[in-house]
Every structure is written in C-alpha cells, then in structure tokens.
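Enquirer: Residues per chain are reported as follows:
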Amino acid sequence: MELQAVVMAAGGGSRMMDLTYSIPKPLLPIGNKPLIWYPLSLLERVGFEEVIVITTKEAQKEVQKLLLTETKLKPDIVCVQEDADMGTADALRHIQQKIKTDVLVVSCDLITDAALHEVVDLFRVHNATLSMLMSKAHEFTETVPGQKGKKKAGEQRDFVGVDDSGKRLLFMANEADLDEDLVIRKSIMRRHPRMHIKTGLVDAHLYCLKRSVIDFLAENKSISSIRGELVPCLVRKQFSKFSSLQKNKEEPNQNMKKKDNHIASADDDLLELALNRSCWNDHRGDMCGAYHGGKLRCYVHIMEEGMCYRVNTLAAYIEANRLASKLFEEPAIHPSAVISERSVVGSDSIIGTYCQIAEKASVKRSTIGASTTIKEKAKITNSIIMNGVTIEEGCNIQGSVICSHATICRGADIKYCLVGNSQRVEAEGDQRLP
Amino acid sequence: FTAVVAIKWLTDGEEEQPLQAVLVADSFNRRFFPISKDQPRALLPLANVAMIDYTLEFLTSTGVQETFVFCCWMSNKIKEHLLKSKWCRPTSPNVVRIITSDLYRSLGDVLRDVDAKALVRSDFILVYGDVVSNIDVTQALQEHRQRRKAEKNISVMTMIFKQSSPGHKSRCEEDDIIVAMDSKTKRVLHYQRTQGLKKLQFPMNIFHSVSDEFEIRYDLLDCHISICSPQVAELFTDNFDYQTRNDFVRGILVNEEILGNQIHLYVTMDGYGARVSNLLMYDAVSSDMVRRWIYPLTPEANFTDRKGQECTHSRHNVYRGAGVSLGHGSHMAENVLIGRDTSIGANCHISNSVIGSNCTIGDNVVLDRAYVWNGVHIASGAVIRQSVLCDGVKVKERVTLNRQCVLAYNVVVGPDISLPEGTVVSMHHPDEEDEEDEDEFLSDGADNSSNQAKTKLKAFSAAEVGAEGKGYIWRPVKQDDTEDDELVQCLWGETSSCITTGVYAVFQTEVLGTLQRGMEENISCDNLVLEINSLKYAYNITLKEVMQVLMRVVLEFPFQQQGPQLAAVQYCALLLRLLKKWAPVFRNYVKRAPDQMDCLESLEEFFLEHETHWGAMVKVLMELYQLDILEEELIMRWFSDGVTSAKSRQLRKNPGLLKFIQWLEEAEDESSEEDGQ
Chain A
-13 MELQAVVMAA GGGSRMMDLT YSIPKPLLPI GNKPLIWYPL SLLERVGFEE
37 VIVITTKEAQ KEVQKLLLTE TKLKPDIVCV QEDADMGTAD ALRHIQQKIK
87 TDVLVVSCDL ITDAALHEVV DLFRVHNATL SMLMSKAHEF TETVPGQKGK
137 KKAGEQRDFV GVDDSGKRLL FMANEADLDE DLVIRKSIMR RHPRMHIKTG
187 LVDAHLYCLK RSVIDFLAEN KSISSIRGEL VPCLVRKQFS KFSSLQKNKE
237 EPNQNMKKKD NHIASADDDL LELALNRSCW NDHRGDMCGA YHGGKLRCYV
287 HIMEEGMCYR VNTLAAYIEA NRLASKLFEE PAIHPSAVIS ERSVVGSDSI
337 IGTYCQIAEK ASVKRSTIGA STTIKEKAKI TNSIIMNGVT IEEGCNIQGS
387 VICSHATICR GADIKYCLVG NSQRVEAEGD QRLP
Chain B
21 FTAVVAIKWL TDGEEEQPLQ AVLVADSFNR RFFPISKDQP RALLPLANVA
71 MIDYTLEFLT STGVQETFVF CCWMSNKIKE HLLKSKWCRP TSPNVVRIIT
121 SDLYRSLGDV LRDVDAKALV RSDFILVYGD VVSNIDVTQA LQEHRQRRKA
171 EKNISVMTMI FKQSSPGHKS RCEEDDIIVA MDSKTKRVLH YQRTQGLKKL
221 QFPMNIFHSV SDEFEIRYDL LDCHISICSP QVAELFTDNF DYQTRNDFVR
271 GILVNEEILG NQIHLYVTMD GYGARVSNLL MYDAVSSDMV RRWIYPLTPE
321 ANFTDRKGQE CTHSRHNVYR GAGVSLGHGS HMAENVLIGR DTSIGANCHI
371 SNSVIGSNCT IGDNVVLDRA YVWNGVHIAS GAVIRQSVLC DGVKVKERVT
421 LNRQCVLAYN VVVGPDISLP EGTVVSMHHP DEEDEEDEDE FLSDGADNSS
471 NQAKTKLKAF SAAEVGAEGK GYIWRPVKQD DTEDDELVQC LWGETSSCIT
521 TGVYAVFQTE VLGTLQRGME ENISCDNLVL EINSLKYAYN ITLKEVMQVL
571 MRVVLEFPFQ QQGPQLAAVQ YCALLLRLLK KWAPVFRNYV KRAPDQMDCL
621 ESLEEFFLEH ETHWGAMVKV LMELYQLDIL EEELIMRWFS DGVTSAKSRQ
671 LRKNPGLLKF IQWLEEAEDE SSEEDGQ
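The listed protein sequences derive, respectively, from chains A and B. Residues -13 to 420 in my numbering are what the first sequence spells out, letter by letter. Residues 21 to 697 in my numbering are what the second sequence spells out, letter by letter.
Bear in mind the hints are in silico, worked out from the structure with no lab data behind them. A portion of the hints provided could be inaccurate.
Calculated lysine to aspartate or glutamate pairs in the DMTMM-like style (CA-CA distance at most 20 Å, straight line) [stated by the list, open to error]:
(1) B:K219 with B:E193
(2) A:K153 with B:D232
(3) B:K600 with B:E540
(4) B:K204 with A:E166
(5) A:K172 with B:E194
(6) A:K58 with A:D76
(7) B:K218 with A:E166
(8) A:K122 with B:E233
Assemble the whole structure, with the sequences as input and the hints as a guide.
Expert: Structure (structure tokens):
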C-alpha cells in the first residue's frame, strides 16, 4: 500500500452555521448525496480500498452507514470529541499509530473532478515531502439567501509562490500575516530566479504527506492545523537547512537540523545514487545538482480548469448543489420518485427517492431531497429542498434553501430565503430576503 | 513629485517620428580610474574597438536615426573620435549630434538639458556609452507605443532586460537587481539592486492591483537600455533630486499612485545586452565578443569600417589582423584576437586574450585572459593572467602578472618581478589630485618637509614595479575594494535621498486624503488645520514645505476629482469654489511675506506644468488677492522678480496675467491717490 487515505470530517462547519446547526457538516446533502460521499467516491474512483475517516460522535453512525451502503471502501472510523477544539494536525497526530505509510489527507468538504493522480505523481516523481492541490478561485454567481448584495471580497488573500514550472511550492503566506513587506530570502531567489506569485487561488485541502511528517507532528505538539501551520512550516523549511548549516554548530541548531533531516524525505541510498548518475535535473540555469541538494520538497498542482469547490460557506454550498449533478452518472430523477405526468421537471433538477410531485407543479434548476412532497401548482426554481419537506399547493420558491422536514404552507411565496429544520412557513408568509 | 500632462505629445503621436536616442558618453563615476584618467570610458577599446562604437552600432542597427551624444569628462577626445568615425560621414543613416558640457554631473543633468533644449520629439532610447548589445528593440518599441496609445501617458518608460540566470558570468554581483512585475501587463512594480541584501522586501501595496498574478524575477540582467517617452526628461526637470536612472525608477514606482506614471519592462531571451560597468564586466563582455555571442557584432565584421581593423577569423575563434607575425612554436589555443602589425615571438602560449595593434611580444610568453591594448611591449618570459594592459605599457623580462592586475597607460614594470593579485599601476600618483587641492590651500611658506615627502612619494618604488619600472601602485583601486567603495557610496547617497522623497510624497498623499475627507464630510477648516499640523509633525515637514504641498494639492484637487483631462473653464470653476471654501486654511499658513512668495512660487511651478490652464491662473491669483491671502505688493514683486526660466518668462507674457497686473497697478494708484486726498 503506497498511500493511506485519511478523510477529515470532524469540522463543525463554522462558516455556515445556518445549515450545520441541525445537520453535521459531513452529512449535508448536496445533489441528494451527503457531502462526505464526494471525497469518498473520489478516493474510490482512483482505487483506494481502505480509508480512515475522522469524525465526530454525532455523525459517526450515519457515516458508517453511508460507507457500507454507498461505497466499497473498507472504513476505519475514528471519533474525536467535537468540543475538544482539535485542529486537523491534531487529528492526524491522534491517529499516528494507525499510519504506516505516506498519507493522503482529504477534507470532507471537497468536491472536485480533479485528476488526483496529478497530485500523487508530483509526490512520487520528486519524492516530495508534501504535495497539494490548489485551484483557481471561482466567483459565486448565485444570490445567497440571507446576504444582501455581493459578498465582500475583502477576505485575506493567500500569496502562493511557485517556481517557473508552476509546480514547486516556494512561498506561502496569508495577507494577514504579512506586515508591510513581503520578504523573500535572496538565497531562494538565487536558486529559483523566477518566482510566480499567485493570489487568486483556493487551497483544496488535499495533501499528500510523507510518513515522516506524521512523526514530525508527534514531536511538535504546538502545530494544530495542517493548512494554517504545518504547510507553511514545511514550505519554509525547504530552504532553512542551508542557512543553519553555515552557522556555528550550536546545540539547538543541531537539534533543529536533526529534525529537518528527519522530516525530509530521506532519499534512500539507491535513489540518491540514481539521481547522481542521471543527467536529469529539476532546474536549469546553474550547474548545481537536482533540487540543489535539498531533501525537503513541497509541490503543488494548480488546476487551471475543471471543478473544485470547498463547501465551507453557504455560497459554496449552493454553487456545489448546482454543479453536483455533473459528478455522478446516476439518473437525475430517482426511479422511486412519483412524478405526475402533468408536472414540469427540468432536466437540470435532481429528484430524490420517494418524492412526490403533484400535477402542474414545476421544478427547475433545483435539488429535491428524499421523501419530499410537492403539491399541485407549486413552483420551485433555483432552490435546494432537503429531505422530507412538504410544499403545499401553489407555493412559489425561488433561490432558497429549505432544510429537512420543513413545511411550506399553501400559497407561500419564498424568495432567497433559508428555511430551517422542521420550520413551518405559514401561508400568508411572503418572505423575501430576510 | 509632480505630474506633467504634456498635451502636445497627445496630438502629434500619430505620425511616425524618426527614432531618436540619447547616448550618455560619461559614466559619472570613477570605476575605471586610473585608466579613465587618460581616456574616457566610452573610448576604451573592447576587442580593439572603442566601446562607444558598439553603442552607436547597436542604436543604428535598431533603427535610430538621430543620436544625441552627451559628453562631459574629456569631451574633446570623444568628439574627435566621433568626427573621425563612420557615424559622422554624410552617408550615415544615424545622424550623430555631439553635445558637450562640463556641467553635467549626473544622468539627471543630461536629461534636464534634453528637456531644456527640447531635443526629443517623441519616444527615445536612453543608453550609456558603454553598452554592448545586439538587441533588436523594435518589438519593445512597438509594445511601448501600443501601451502609450492604449492608456495615454501612463507608461513613461520601458526598460529592457536580458534573461540570464544568477551566476551567469555576464552578471556581476554589483549590478544584480530584483524586479517584481505584473505577469499580464508586464508592469514593473518593484525594482531594486540587491547587492549586500540578504532578504528581499517587497512593499505590500505593490500587490494591491487588480491582477492576481505577479512575478518576482532574479533572472534578469539590466541592459541599461530604456525606451523613454519625452515625459521622462520633463520628470527629471521637475525633480531635481533625481540624479540617476535608479532614482527615477524608484521615484516613479514609489509615487505611482500620485503621479499615475508607470514603468514597463521588456525581456529578451536571445539578444545580448550588457553594460561594461567595471573591469569584471569588461572581461566578461570581451570574452563574449571573441566567442561570438554578440553576433553579428564580431571582431572580423569590422562594422566601424576603419582602415586597419580588418581581421580574419579561423577555427577556435582565432582572429588575426593584417601583418601579424607569429614565431616558431607559438600556439594560439582558442579565443584569441590579435590586432594589426603585432609580432609574437617563439614558443608563446596565448589563450582567451585580446591583443591590440603594434604590439611586440617576446619569446616564451604565456597570456591567458589578458587584455593587451595598443603599442604594448611584452618582453620574453612574461606570464600574464586575467589582466588589462593599457596603451604603451612595457612589461620587461620574466614578469608575472597575477589575476586582476591593471597596468594603466605607459607604465613600465620589471624585470623579474611578480605583481600580486589585483595590483593596479598607473603613471598618475594616487594622491595627485589631493595634492593639487592641497597646493591651492597651502600658503606659500609651506614646510619643506612635506615637500620632501612629496618628492619622495613621487619616486617609483623598485620593490613594487621592478628595477626599471615606472608607475605608482594604486592601492585603493583594487577591484574588490572599489566594489566596497561603491557600496558605501550607494548606502550614503541613495537610501537617504529616497527616504526623504518618500516621506515628502507620503505627506502629500496624506494632505490630499485629509482634504478629500474634509470635502466629503464637510469638516470645518479649523479641524483641517489641526489635522494638517499633526501630519506636519508626524512626517517632520517644514512649514514652507507644508505650504508648498498644500498649494499644490489644492491646485491638483480638481484633477484628482475629475481626471486629468479637465478643461480649463471647468477646472477654474471648481478650483475657485475650493479656494473660497478653504480660504481660512490658507490664511492660517500664509501669513508673512516669504510665505506669500513661496505660495506664488508653487503656484507658478504648478501652472508651468499645465500650460493649457494658464487662463485659470489669473482667476486664481485674483481670488487669492480678494480673499486677502495674497497682497498686491507681493504679487507685483513675484511678477517682476520671480523669473527663473524661459518658460516662466513666457508665462508672464500671458495676456490675461498682464491685464490683471495692470489692473493691480491701477488699483494701487487709486488707493494711493485716495490716501493722498
């Protein structure tokens, strides 16, 4: 087994509390599949047979059921306490004993059609310590319930520096962490004289990590998040070894060096020999050996096109629902759904199991969850309806998210709203942009 | 720190102007001392051709039709050289105009003169007289013009770079630069020399543009070729503190938000371009020349079309001029260029060297990376490695020159001596200049002892240059040392100046911001004064400067609000409203007569840059007079005394202004008459 897959599904979904207070984040329905199904099927598609899922007690049972029914993966579910405020790196440290080889870490909120082998190939070809997936950021076009106007683009940007090939990760920093200057050491520039700094990227939270990194985590207990701390730390360490070599051989320095060497993907002797004897080189322009002798290497695959979403905000959730149907081959309308012949159901809609759609109802560009009843003359456009919802006669629902077991009474007109779990919207309710 | 909107360039940009170039045939530094004591740097031979000829050939082949050569140090020699050259023949496609002055002290002075004399009509190429290049700038020029067409007058300069990775031998540590650029628009966001830096810092504000892709490039060699718009010369005029191109580039980049000017770059992959800025570069460029990296500029091409420069090219890059004689058993290994009528004795071994004309080289001589100029005598048994031997040098028997030695004009060394690495020998005494200075200041009865010491110093030291040697050792001009000296100079000169301009510019933006806010939020004038005062202390700005900045900001305010294309009439209307509104602020700062004079001066300065808005100036003066900010007496004094340049004289001939002055005079008369009654 080359890589062990780990799915991180213990996050609370703090950026979309409206949805996650009633449903655990991994189980949020997207195109009538729970969110976690997407990374799992991605792993299954590329041939993983086993998976370690880290999740909370709350979601454990559901996840287990899902793993058994929907996938052929052999699961190993690890529970962590939700309130323990555990970061992703903490979680990885928690399962240290289970990890025998290099790992592929995926967040449960990743929906992508990325060719996973690109990332893994970088990892293999360069014998990298870390390789990760990034994608061009998407602009969300749909109107988001509960948000007036466009969402502020004022979020802190990430600065990602890659070399001329666009693969080697040289620099990573968040705007918030940079003061007035962006500082880069000259020695890095000397080795990689043309650095591309990109800002419009999203991190897919998919990482290949060497086994040694897990040990490194075990030694450095202060690191709690993979994205926030571990990755920047590894990126920095790519170049730190050389400067410390020149310094005096002080004790702490040596300790550091040991650690660095430790996490470095120690090429075994044979590999090193092959590298020395080969005329292959990772760079041009100077006469230095491949990688300039560096043992710690970080790579990134940047998706130029294709789909890559992290469902961690309401906007992303809606966008993902709209695009999810492209990701699976199953028929958009479940055979068990009962749909009146005189209703209009657009081909861009997904209808779940045991749905009932009555006469003259119309469903366009929407996702309808399992066991939902839509009565006569109801009109649903651009909306997400979860499971067990009842929509009575003559309702008009547009651009909204209706959570499970809600009831929309006769004649209600709902535009760009988010209706919570088991809510009941009264008939006269004319809701617009709450 | 001033924006210039040169309307005239907008209108006649359409028609094709002949391409012009400004060639600065002076380095304004002493890097080639003591060699350049006898010969200006531009005339030093590189592969037996004067460096300025390469520059002119480059300009001509890239399509330049008119070149202004600016000379300062030893201008007569350069003039003489050019008049004899093919560039001054009537058939030359490139008309060379020589402009000499002893007053040029920097590139800034030259460009200010270009502006004052209105020499350039459209985009021109700015280049130093020691640039060797075969780059075809047509493409860059086209891009530059397109940019200027698309966004009028935004881009003022396109710098030309050659891609070459760090550690390439045509890059020297001293000239290394780091550039941050916008990947899509090729705009330069940050430009910095990196010598002595460990960490490279990029201010965050350069990344705030709309683009999401930037490049930080350390693989660029600055060719010191730039395509400039005429605005560049004007900007130099406006900013007297700009001395070098470096000052200019940094000034434009730092003040990008204020001036709205941008600099772009063009990177060539296959061209060759380098500036011979020191001897290491001289070595690198010479050897590239002999190795034919600068094709079609090769030694045997004889592009200067001079008699006696012809040579033949044979394999291993061995070039021989006419009448070269080679003794029995001598071997020219590779990359050797030998000039006319040079004779080489027996059993010599010569490699990677350039030898000038009329040299005599004895037997058993070893030359490697030696640059031997004209009329040099090297006696038998000499060993010379990576050294420069200027005209008329005599090297006696069995002399060894170790690496990086320089023998300046007419020096004699030897026999039987070994000069250590980095020795520089010149016929000029190192303290020569100091002595001359001293002589001026010393009284006639200066003590004899010092005179004796001087004569003692003047004697050649046999231990240093050999028994028959002639010349003085120049210790400070060891190559490594000069680099350090340069660095110290940079540290003292550049950083301090850029800090002050930076603070000044920041202060100006702050004042602008304050006023804008005042406008939007209707802040009372008293509070505005308070805010400006606190800014004054925060940035440590003198009261005089506060006044100048305030005046300028207010005058530019309508442009800031409405864009630079604002017509004179609307501008005037807007400005008068502002002046009325902020009159108390002005009254607070403009109290005494000198304040008023400063105020008038900055007013004039502003309007000199905005010729089209001269009509508004009278109205502004009138308004300020009526608001009791300016007194008539001082306006009169300014009008009669304040003439500083031809343009300001022209300004005073403006009919509106004359009318106003006349009116003032009459008013004065009336008031005095009233007094009389």
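Enquirer: Next, verify each hint and record whether it holds.
Expert: Evaluation of the provided hints:
1. B:K219 with B:E193: Measuring from Cα to Cα gives roughly 15 Å; hence the hint holds.
2. A:K153 with B:D232: Satisfied, since the Cα-Cα distance of roughly 17 Å is no more than 20 Å.
3. B:K600 with B:E540: With Cα atoms ~16 Å apart, K600 (chain B) and E540 (chain B) stay inside 20 Å; holds.
4. B:K204 with A:E166: violated, 24 Å
5. A:K172 with B:E194: holds, 14 Å
6. A:K58 with A:D76: At roughly 28 Å apart (the allowed maximum being 20 Å), D76 (chain A) and K58 (chain A) break the hint.
7. B:K218 with A:E166: Satisfied, since the Cα-Cα distance of roughly 18 Å is no more than 20 Å.
8. A:K122 with B:E233: holds, 11 Å
Checked against the numbered hints above, the structure violates hints 4, 6; every other hint is satisfied.
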